[in-house]
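Participant: The listed protein sequences correspond, in order, to chains A and B.
The C-terminal residue of the first sequence carries number 151 in our numbering, and the numbering is unbroken.
The C-terminal residue of the second sequence carries number 1760 in our numbering, and the numbering is unbroken.
I should point out that these hints are in silico values taken from the structure, not numbers from a laboratory.
Since this is a predicted model, take the numbers as computed values, not measurements.
No farther apart than 30 Å at their CA atoms in a straight line, the calculated lysine-lysine pairs in the DSSO-like style are these:
id, chain 1, residue 1, chain 2, residue 2
1, A, Lys3, B, Lys1219
2, B, Lys1648, A, Lys116
3, B, Lys1219, A, Lys116
4, B, Lys1342, B, Lys1325
5, B, Lys1252, A, Lys63
6, A, Lys144, B, Lys1643
7, A, Lys86, A, Lys116
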Amino acid sequence: MIKLKVNGRERSFDGDPDMPLLWYLRDELSMTGTKFGCGIGQCGACTVHRNGEAIRSCSTSMKELAGKTVVTIEGLSPTGDHPLQKAWAQGNVPQCGYCQTGQIMQAAVLLKKIKKPSDKEIEDGMAGNICRCGTYQRIRAAIKTAAKEMA
Amino acid sequence: MSIQNIDNVTRRNFIGGMFSASAFVLATDLLPQFAWGDTNENHGKAAAAALKPSLYLGLEPDGTVFIVTHRSEMGTGIRTTLPMVAADEMEADWSKVKIEQAIGDERYGDQNTDGSKSIRGSFVPFREAGAAARLMLTRAAAAQWKVPESECSAVNHVVTHTPSGKKLGYGELAVAAGKLPVPKSSELKLKARSEWRYIGHTAKDPKAIADMKDITSGKAIFGMDAKVEGMVYASIERPPVMGGKVQSLDDKAALQVKGVSQTVSIPPFKPPYTFQPLGGVAVVANSTWAAFQGRKKLKVEWNNGDNATHDSERYKAELLETAKKPGKVVRNLGDVDAAFSKGKIVEASYYVPLLAHATMEPPVAIASFKDGKVEAWVPTQNPQAVQDTVAKALGIKVSDVTCHVTLLGGGFGRKSKPDYVAEAALISKSVGKPVKVVWTREDDIKFDYYHAVAGMYHKASLDDKGKVTGWLHRSVFPSISSMNDEKSLYGFDVEYGMGLNDMPFDIPNQRAENGPAKAHVRIGWLRSVANIYHVFSGLSFADELAHAAGRDSLEYQLELLGAGKVLNLEAQGVGKYWNYGESLDRYPFDTRRLRKVLEIAADKSGWGKKKSGNGWGMGVAVARSFTSYVAAVVEVEVDKAGKIRIPKSYMVVDAGTVVNPERVVSQFEGAAVMGAGIALTGEISLADGRVQQGNFNNYQVPRMAQAPIQTDVHIVESNELPGGVGEPGVPPYVPAFANAVFAATGKRVRELPFSKAKLV
Ligand code: FES
Ligand code: FES
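Based on the sequences and whatever the hints tell you, model everything.
Facilitator: Printed below as a string of structure tokens:
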């Protein structure tokens, strides 16, 4: 039995300990804001926070989550009004939107670590997140907008 | 397992259940254009009248306006943009507008969200629907007040009697308006441009994206996120070589995986491949993960068939060789051979490999077979193709297939081919439960309908002033027509009319030819289609000619376009010109508009102000596609290690009347990124008939640092009819980028991707 906390709620899991967190969130908890994009840690669509760090849930098995705290996009802000989410709306960032929850979760950790990231720091911090629609310049701008609001 | 998402998917889509009994429902046909009023009770009558409504616009007594979008949302903003058009003409208050997604239904007319034509095809009918509703509401108010209609005006959800100042809200008028006869088309007064409140007005406006909040909070339901009660999951092992078949199967180990319930064989397609599934073995389980795990344990031996020896390196050599020989003539103007007998001759061969769509959301579908009928929930660009394909695969009637359309995590043409839905339906029929088929990224990359690989040959003659006197363009590619004809060796007018026989340059002697090539993989359309290779080679070659003539490339492209005029390609050596399915009267081919976007691009980019070379350079290209006119200027930096950075790109767009400028800008920003990716790293290759790439580690798409850092998009003000915007950014971007790399390094990259070229 693996015990973990997801978005503030205690959960216990007794299935295949090798199953990635992604499928636990999506198939069992119906938290589908965390997306499946590649399954091998290449695209960042599945990004969530584990004890405050950005991880790829597709490549993190349930056994690596015992006693850990997980936050998903559904738990980032109860009202959906995290400064990043507001900046995303203000900058009309998404196209299809599929990658965007992963982008926001990654950016949230970036801004926690670096209050006012430079262009280079944004590029490095976001390098693991693919947007196939090509919204990168807006993501970059929205991160800067959110950084300003959070300062 | 929760079923909380069922509602998310099913709540939309049911036209019949969408409106209350007293709602005022207006439907309009796309072509021919007309509208009629209808209350919900006799709505069935309207449908039975053999009219094909493409749009439903409804007003509830509480003032809520429902607008049905019959096109799929894959990131272009169409789910917002189409309703904006109707709401504007209706004078509806946007905050009271609710958007509903249409199911697949032939009564909507064409629902295929492809070819950058949603606004082109729907702009006028959506306006007329809105205007009809506005007029009927005005008439209802005038009748109630017993005043002349001409003394009343409808503005922002309220009808006002101007002399007395009396007002009635739209909701209060819904029932009365629904009883009125529908105005004739001739009675409708469309708003003047200056009166538009939504059309053309979205810059910095949150209405640009209706689904914003759902997207940023993770609540948006893409196909991957849909769930229905009692659903099981399936993952499919497909033949590694196109056309292969299962020879033997051992599924014992797979069935022992916890959660796996059974395996289901999917028959191979019967040639031609069309939208049929590739075949293979499905592993069915109670979770996605268990299905993946079970699939890994399958032991399948394949009979790989004829394509097992296919090899991309050899095929490439063949294409380029074929392109050197005369092919089928698809345009012949003047006498190219005579022109080539004098002056300076320039020749070059170009190559573009196969490309995969790699939508961020891999293909996925839920299908439920019950009592001889199928209900499906799908991220699809073409719900009617889903109906047809599923019906054919199961031998049932098209009308017995219901297709609900979810949001799409990207489309780019991949999701208009519903092989993945037929898979889900076949498995569901076999297991007797709703089935969700989940494609892995590897499935997506290895079993795509690929953008065609192409070999091109160009030859031109220049006179002593550097003017082009003759132009030959040969193109060889496996055609999309192989989808419906496995023996197909040649392209067709759609592929020819994308940069091959519609070359806009004012050159007196021109010939375009198409050589034969057989398809060994499934070929399909990808964002901007044959333009990708034709415009890449054509506009790279134009740049080569500019250099051969010792001229500035932008000026030279202007000169090649000539003074500018409306082209009549069929009088200029083109047998049949398809013009993106539009009539030339409504959508003429006007090279003045090409000149204009180039001139603006020169101005915006500061073209020619800084000298190219030493690792910095600018490139330019221009093209008309999907009836829109686009110039791209790309600025690159190439470091000592050959690493490319794109600090700045400029796109100038004349897409006629633009409805949602904010979303148009985003489409061109995105096209720049996709174009950059095609040029930098895009390549699918096969060895022994098997695709060698499988995920984003070896089929690389741009990440933030490789993508253009900043793309400035300039939209040309225009009163012309709306043109396409989803695709036209890609064609000029790729050659502009290649030309910039040449300017920066002196290296002409004629074979994509750049990652294979030695730049330093
Ligand atoms: S799905 Fe996890 S990184 Fe792509
Ligand atoms: S918005 Fe479509 S993948 Fe990023």
